[in-house]
Amino acid sequence: MATRSRRRVAAFAAALLAVSLAGCTGDEPTSDDLSGNRVGAMADYGVNSQFKATEALNFSILYNNHPNYPLKNEWLFWSELTARTGVTLTPTAVPLSDYEQKRSLLIGAGDAPLIIPKTYPGQETPFVASGSILPVSDYLDLMPNLKDKIAKWNLQPDIDQLRQLDGKFYLLPGLHENVWTDYSLGVRTDILAQLNLTVPKTWDEVYTMLKAMKAAYPNQYPMSDRWSKPTPGGSLFNYMSQAFSTNGGWGYRNDYWDASAKKFVFTGATDGYKQMVTYLNKLVKEGLLDPESFTQDDDTAIQKLATGKSFVISANAQELVNKYRPTMAATQPKATMVKIPQPTGPAGEVKAGSRLENGVMISKKARESKNFVAMMQFIDWLYYSDAGQEFAKWGVPGTTYSKDASGKFTLAPDVDYVKLNPTATKHLQKDFGFGNGVFAYGGTTQLLQSTFSAEELEYQKAMDARKILPVPPPHPYEDAEAEQATLWETPLKDHVAQMTLKFILGQRDLSEWDAYVAELKAKNMDAYIELVNKAYDRFAKQRG
Amino acid sequence: MQVTRGYRVFQAVNAVVLTLVVIVTLYPFVNVVARSLSQEAYIRAGQVSLVPRGFNLHTYKLVMADEMFWANYRNTVFYTVVATAVAITLTTCYAYVLSKKQLRGRSALVGIAVFTMFFSGGLIPNYILVTSLGLKNSVWAIALPNAISVFNLLVMKAFFESMPTELEEAAAVDGLDTYRILWRIVLPLSKAMIATMVLFYAVAFWNSWFSAFLYMDQSDLFPVTVYLRNLIAGATGAGSVGAADADLQTAANIQAVTIVLTVVPILLVYPFVQRYFVSGVMLGAVKG
Amino acid sequence: MSVPGTLDPPRSTPEVGKPPPIPAPPLRPRRLTWRRALRRDWQLYSLAVLPLLFFAVFRYLPMIGNVIAFRKFQPGGNPLGEYWVGLRYVEMFLNDPTFWNVFTNTLILGVLSLVVCFPLPIVLALLFNELTSRRLKRFVQSVSYLPHFLSVVIVAAMVMQLLSVDGTVNQVVRAFGGDPIPFLQQPEWFRTIYVSSEAWQTVGWGTILYLAALTTIDSDLYEAARIDGAGRWRQTWHVTLPGIRPTMITLLILNIGTFMAVGFEKILLLYNPLTYPTGDVISTYLFRMGVLSNSFSYAAAIGLFEAVIGLTLVLAANLIARRAVGTSLW
Numbered sequence: 001m002a003t004r005s006r007r008r009v010a011a012f013a014a015a016l017l018a019v020s021l022a023g024c025t026g027d028e029p030t031s032d033d034l035s036g037n038r039v040g041a042m043a044d045y046g047v048n049s050q051f052k053a054t055e056a057l058n059f060s061i062l063y064n065n066h067p068n069y070p071l072k073n074e075w076l077f078w079s080e081l082t083a084r085t086g087v088t089l090t091p092t093a094v095p096l097s098d099y100e101q102k103r104s105l106l107i108g109a110g111d112a113p114l115i116i117p118k119t120y121p122g123q124e125t126p127f128v129a130s131g132s133i134l135p136v137s138d139y140l141d142l143m144p145n146l147k148d149k150i151a152k153w154n155l156q157p158d159i160d161q162l163r164q165l166d167g168k169f170y171l172l173p174g175l176h177e178n179v180w181t182d183y184s185l186g187v188r189t190d191i192l193a194q195l196n197l198t199v200p201k202t203w204d205e206v207y208t209m210l211k212a213m214k215a216a217y218p219n220q221y222p223m224s225d226r227w228s229k230p231t232p233g234g235s236l237f238n239y240m241s242q243a244f245s246t247n248g249g250w251g252y253r254n255d256y257w258d259a260s261a262k263k264f265v266f267t268g269a270t271d272g273y274k275q276m277v278t279y280l281n282k283l284v285k286e287g288l289l290d291p292e293s294f295t296q297d298d299d300t301a302i303q304k305l306a307t308g309k310s311f312v313i314s315a316n317a318q319e320l321v322n323k324y325r326p327t328m329a330a331t332q333p334k335a336t337m338v339k340i341p342q343p344t345g346p347a348g349e350v351k352a353g354s355r356l357e358n359g360v361m362i363s364k365k366a367r368e369s370k371n372f373v374a375m376m377q378f379i380d381w382l383y384y385s386d387a388g389q390e391f392a393k394w395g396v397p398g399t400t401y402s403k404d405a406s407g408k409f410t411l412a413p414d415v416d417y418v419k420l421n422p423t424a425t426k427h428l429q430k431d432f433g434f435g436n437g438v439f440a441y442g443g444t445t446q447l448l449q450s451t452f453s454a455e456e457l458e459y460q461k462a463m464d465a466r467k468i469l470p471v472p473p474p475h476p477y478e479d480a481e482a483e484q485a486t487l488w489e490t491p492l493k494d495h496v497a498q499m500t501l502k503f504i505l506g507q508r509d510l511s512e513w514d515a516y517v518a519e520l521k522a523k524n525m526d527a528y529i530e531l532v533n534k535a536y537d538r539f540a541k542q543r544g
Numbered sequence: 001m002q003v004t005r006g007y008r009v010f011q012a013v014n015a016v017v018l019t020l021v022v023i024v025t026l027y028p029f030v031n032v033v034a035r036s037l038s039q040e041a042y043i044r045a046g047q048v049s050l051v052p053r054g055f056n057l058h059t060y061k062l063v064m065a066d067e068m069f070w071a072n073y074r075n076t077v078f079y080t081v082v083a084t085a086v087a088i089t090l091t092t093c094y095a096y097v098l099s100k101k102q103l104r105g106r107s108a109l110v111g112i113a114v115f116t117m118f119f120s121g122g123l124i125p126n127y128i129l130v131t132s133l134g135l136k137n138s139v140w141a142i143a144l145p146n147a148i149s150v151f152n153l154l155v156m157k158a159f160f161e162s163m164p165t166e167l168e169e170a171a172a173v174d175g176l177d178t179y180r181i182l183w184r185i186v187l188p189l190s191k192a193m194i195a196t197m198v199l200f201y202a203v204a205f206w207n208s209w210f211s212a213f214l215y216m217d218q219s220d221l222f223p224v225t226v227y228l229r230n231l232i233a234g235a236t237g238a239g240s241v242g243a244a245d246a247d248l249q250t251a252a253n254i255q256a257v258t259i260v261l262t263v264v265p266i267l268l269v270y271p272f273v274q275r276y277f278v279s280g281v282m283l284g285a286v287k288g
Numbered sequence: 001m002s003v004p005g006t007l008d009p010p011r012s013t014p015e016v017g018k019p020p021p022i023p024a025p026p027l028r029p030r031r032l033t034w035r036r037a038l039r040r041d042w043q044l045y046s047l048a049v050l051p052l053l054f055f056a057v058f059r060y061l062p063m064i065g066n067v068i069a070f071r072k073f074q075p076g077g078n079p080l081g082e083y084w085v086g087l088r089y090v091e092m093f094l095n096d097p098t099f100w101n102v103f104t105n106t107l108i109l110g111v112l113s114l115v116v117c118f119p120l121p122i123v124l125a126l127l128f129n130e131l132t133s134r135r136l137k138r139f140v141q142s143v144s145y146l147p148h149f150l151s152v153v154i155v156a157a158m159v160m161q162l163l164s165v166d167g168t169v170n171q172v173v174r175a176f177g178g179d180p181i182p183f184l185q186q187p188e189w190f191r192t193i194y195v196s197s198e199a200w201q202t203v204g205w206g207t208i209l210y211l212a213a214l215t216t217i218d219s220d221l222y223e224a225a226r227i228d229g230a231g232r233w234r235q236t237w238h239v240t241l242p243g244i245r246p247t248m249i250t251l252l253i254l255n256i257g258t259f260m261a262v263g264f265e266k267i268l269l270l271y272n273p274l275t276y277p278t279g280d281v282i283s284t285y286l287f288r289m290g291v292l293s294n295s296f297s298y299a300a301a302i303g304l305f306e307a308v309i310g311l312t313l314v315l316a317a318n319l320i321a322r323r324a325v326g327t328s329l330w
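Residue numbers (UniProt numbering), protein chains in the order written: chain Z, 1 to 544; chain U, 1 to 288; chain P, 1 to 330.
Honestly, the hints are just simulated from the structure, not real lab data. Please note that the accuracy of each hint is not assured.
With a Cα cut of at most 25 Å, we get these calculated SDA-like pairs of lysine to any residue [as the list claims (entries may be wrong)]:
#, chain 1, residue 1, chain 2, residue 2
1, Z, Lys430, Z, Trp78
2, Z, Lys467, Z, Lys285
3, Z, Lys147, Z, Leu469
4, U, Lys101, P, Val173
5, Z, Lys229, Z, Asp258
6, Z, Lys309, P, Arg322
7, U, Lys101, P, Ala37
8, Z, Lys419, Z, Arg466
9, U, Lys100, P, Thr168
10, P, Lys72, P, Val308
11, Z, Lys523, P, Thr168
12, Z, Lys285, P, Leu268
13, Z, Lys309, P, Lys72
14, P, Lys266, U, Val24
15, P, Lys72, Z, Ala480
16, Z, Lys408, Z, Thr202
17, P, Lys72, P, Leu50
Quick caveat, the model's predicted, so the values are computed rather than measured.
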């Protein structure tokens, strides 16, 4: 036992050493000679061609295992994928609940599979410096469908946001044709009808509506919101802020891109942010918005809605259908609710958001593989070609779905998906492995909306009419700057979050706004913004 | 013996205090059970307290119909038994050694253990260690790295120290060696503490998920805690931003069901363990 | 107070304040040479071999990973860091005013939890022990363990419901004519809330150790105490408490050493920006900084700092315990 352990210990030390050596060699420039890496690749692979490896290939992939459709080896997805492309995927199954942690650990220990999907933009940044993941921007020529979509959908500025200090990017993001918004206000339409009100279009009209509700039901708060754990007002501030030309909630960033001045400003000190806070303070002060909205948990907020103590709450398509309506049906059968198009404000008819979805990182090890080119072609086909996206989402025509001449998708009668065929015996995700979050996302608006309900389509139509705000330009930091920025960012963000609530709840008077800005200055606000703009200028110059 | 009035008053106060303790601690659990049996809409509406509303076993069926659930449950039992056995053995041996005050180098031995309460390696070195020892995807990846909890070790040491030493001394005079003294004299006297330690380790291993999550690569090797954790994450919609995942996000009672399913086995085993405390306690035996 | 050292352990004389089960401490055994110690106690030492191997391989070996507190670590790169940065990460947090705020909060929450959650299990165990009906005792004990098994998420949800403006607590406040208090939005309430929920969850489970320790008390001691005319209260004071003293001291020292480790998950669920001034602790601060996922070096430096504090506290507590009551870890 003792000697065996000693040998094991030696093995551990050797392993540490091996990984550290691997770390050292990581910086050598990779030769761009791909002649040794073309085994299995197609010579004439292009846009809309069906990828088919010239010999049977096998790639390892990190797999985010969703509990609602747990991984099964007998899924049609796997066999059909192999039939169409000649590629077999070997998944390492990781529970969805802690996917990110395991991913970080596996990459950190040098033990990661070649294909690492389900990575959101920004999550790749920590791994860039060590050279453990592939700068995919160097190999776009192997991915014609991806290049085609970037050009066709005018996604270059969005893609540029991914660029790191070296000007390259390391993530193959999912791409949407259009900005897709989901969260907005859910409003009780039976109360609107009862009070002769119409659906509000602007935040001012929301105020008027809440006021009327309060007049009719003076002893309650007409609006009580959720999604405040762990970020207070996470959802509300997020979709509300674009109307006031700022950002907030889940989307809060200390740096706000002032497109007209072409520089970054500090979000929490902008006029737009102040307007938004002032507006919310008015709602709280007049008893229209429950002060507990920003500290209660979701169940409490839903409970208030269900028991008729509130009429307005943040919503998304799923929560509306799966939670709000069934809960109200059990307690107040007459209640009806819709998700209204996001109310607009001083910024006009705009919508903010990113067209980038989670995507794929490639392990650096893949570059050494003789099948590297084939792998990139395979990824391009599966994730970026129209055929691949349709396959991943809908499956096999005739078996799981059919498509008519106008491009309308219909599920096979015995297959269910998002309750489109509630009585069906089989399930597209659970029994076939399609519509899988690891492989199916993004794509054309038509494909995205092919599973939406009629009411959701109407909501999307209203939102699609709005102008898309430009995305902020990238400002990658140098190493030391990144560490400095983190140290400044968190206290600044905390102070903004704390004072936002105090102002809104009336615990601090809005006349003290200037004092608040001075406090931010004391927390290095100016130095921080200077750092951001410096990084932006440097990067802009460097890229010409 | 004379029962004083003061003692009667004390008994009454004690009864009241303990009744309060029972109510305050029992309520949430009854509530969890009720939630696990209720329809989701009533839970969301805040109408479930002690009695289930819209009684149904839907979520239980949903969870228990899954083969993976049972496979993982079997893993949990297996991992818990093996890991607890290893942990009890090592902890008892070491605690017994540390309890011997005359032992040369004892302080150093205690120090070696206490130091590790505060200093530990990071995640990545641990992962590389377990991987290079070839323990991945086996029960040893769970049992070995967690074989001694220093907290339990020191509690057990304190227990051994507080045991009367005459019997051991007598046994030594009779010519028993250390192993036999430990096995035949000390352990039989320590049933209560062994039971406690088994309980502590077993509950800890039963509820643990992190080691298994780190060192197991296939879902059929996971313990049930990982399964349930993932189920809750799926039900609450964490991480499912894509439209493709927009299915089945319901069941406010899944959390309640998972709690019931993980706690019930412990509660069933518990009375067998508890016998060892109750029989040993002396004050209760004194006639009041 | 104590009987001058005899080599015999104190026979069951319920001497005032005398810890009966402990062998007489004052006479220090003469130092043995290592060779003699090994020859005499080799069997004992052999029992320690496997545990020591465990500590060496699974605890001390991975500790070399802590070197990244002083080396720049890049996720995916060398697990032992890329290059030396000296004390940069230590200076980073020492110079960060927010760090000291959260450090103070951590200390205060830790001390409060210790002061509340350490003595309560002892009291409760003694109360259990006074129950005459065994069945009742068994029932009450079992019930008191239940909160230990509830997940933090459930406990936090319950706390939030109890303390909401419409919640039970505020209904009581209203019944007495008070104005409802938004407890969760007021920093001055956060510590009370955290510590009481912590006590609720841990106290019952904490009694198990004491109940086990109670089993070692020699029943002759109670007999003798009764013959000497000691009432229930004096029996508890002079027999029961001294009997469980080693366990108490051990737990106290351990708790003192680990009180910096306040419940990260619970705080994360209960606090909000309004209660940052009292509720934010080191682990939640690091979490918000994204350090837990990205900057392993910074987290390692703070981890070492906490470890040094913990170890110092344990050593100090141990020393004090040994001087004051003669029981200690060492």
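Status of the hints after comparison with the structure:
Of the pairs offered as hints, the one joining Lys430(Z) and Trp78(Z) holds, with about 13 Å between alpha carbons and a cut-off of 25 Å not exceeded. Among the hinted pairs, Lys467(Z) with Lys285(Z) is inconsistent with the structure: their alpha-carbon atoms are about 33 Å apart, more than 25 Å. Straight-line distance between C-alpha atoms of Lys147(Z) and Leu469(Z) comes to about 23 Å, which keeps the hinted pair within the 25 Å bound. Restraint check for Lys101(U) and Val173(P): not satisfied, since their Cα atoms lie roughly 56 Å apart, outside the 25 Å limit.
Taken as a hint, the Lys229(Z) and Asp258(Z) pair is broken in the structure, with Cα atoms around 29 Å apart against an allowance of 25 Å. For the proposed pair Lys309(Z) and Arg322(P), the alpha carbon gap of about 60 Å is over 25 Å, so the pair is violated. For the hint pairing Lys101(U) with Ala37(P), the CA-to-CA distance comes to about 12 Å; that is within 25 Å, so the pair holds. Between Lys419(Z) and Arg466(Z), the direct Cα distance comes to roughly 29 Å. Violation of the 25 Å bound is thereby established for this hinted pair.
For the hint pairing Lys100(U) with Thr168(P), the CA-to-CA distance comes to about 53 Å; that exceeds 25 Å, so the pair is violated. Among the hinted pairs, Lys72(P) with Val308(P) is consistent with the structure: their alpha-carbon atoms are about 21 Å apart, no more than 25 Å. Between Lys523(Z) and Thr168(P) the CA atoms are separated by roughly 40 Å; this puts the pair beyond 25 Å, and the hint is violated. In summary, the hint linking Lys285(Z) to Leu268(P) is not supported, as the alpha carbons are separated by about 28 Å, beyond the 25 Å threshold.
Using a Cα cut-off of 25 Å, the hinted pair Lys309(Z) and Lys72(P) is violated, with the two alpha carbons roughly 54 Å apart. Between Lys266(P) and Val24(U), the direct Cα distance comes to roughly 19 Å. Compliance with the 25 Å bound is thereby established for this hinted pair. Taking the CA atoms of Lys72(P) and Ala480(Z), the gap is about 11 Å. The hint holds against a cut of 25 Å. The hinted pair formed by Lys408(Z) and Thr202(Z) fails the criterion: a straight-line CA distance of about 34 Å is larger than 25 Å.
A threshold of 25 Å between alpha carbons decides the hint, and for Lys72(P) with Leu50(P) the separation of about 35 Å lies outside it, so the pair is violated.
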